[in-house]
Amino acid sequence: MILLCAFAAQFVMAQVPQGALWSINVDADAQPIVMAHDRFIVNTKKSAQCYGASDGKLRWELPLEGIDRSTFTSYAEQNGNLVIMQYGDMLVQINVETGKETWRSTVNSELLRKGSKCYRVLSEQRRTIVFTKDMKADIYDDVLGKRIGSIPCKPNIGMIRRENDWVHTPSKENTVVLIDEAGV
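Residue numbers for the sequence shown follow the numbering used here, so the first one is 1280 and each next one is one higher.
Treat the hints with caution; some may be incorrect.
With a Cα cut of at most 30 Å, we get these calculated DSS-like pairs of lysine-lysine [what the hints assert, rightly or not]:
#1 1425 x 1324
#2 1379 x 1324
#3 1425 x 1379
These are computed hints drawn from the structure, not numbers from a lab.
Owing to the predicted nature of the structure, the values given are computational and were not obtained by experimental measurement.
I would like the entire structure built from these sequences, with the hints used as guidance.
Structure follows, in structure tokens:
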């Protein structure tokens, strides 16, 4: 069994029961956020850094200008080549292989405050829908790394308050149903 252990300012990759395979020193506030194939990404005050899981070597470093990195979450696409990092109301998609930012978007912060979804990944279609601060649903092509469409969409706050899902996607992901303030 292989374990990635995070300590105050150090990450250690260990194989049980043999012991440590490698360790790296990182900023005291750095956090591992995702394992993607043979890599893991660390968020620091200055950048996102990608390390090889097998050897602990830095693969790339991406400064994220204009983003407050005090809080974040992440989502790794199923194939592991892309990661969406969320910093407050900002989403950034990064190609894990190249270390390049593919797109960024500011989400609807009201959705975040209500605990609702602010984006939906359509893995089968290789698309991501982002519910933006300007009341639109932007559609990104994850292969091309760019926005391919945008439609007006004001979230149905009544449904969100009742903890109902206002976004529905069938398993084939060939349709997305958005129930907004105006209807379906």
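Taking the hints in turn, this is what the structure says about them:
{"no.": "1", "hint": "1425 x 1324", "result": "holds, 26 Å"}
{"no.": "2", "hint": "1379 x 1324", "result": "holds, 18 Å"}
{"no.": "3", "hint": "1425 x 1379", "result": "holds, 13 Å"}
Of the numbered hints listed earlier, not one is contradicted by the structure.
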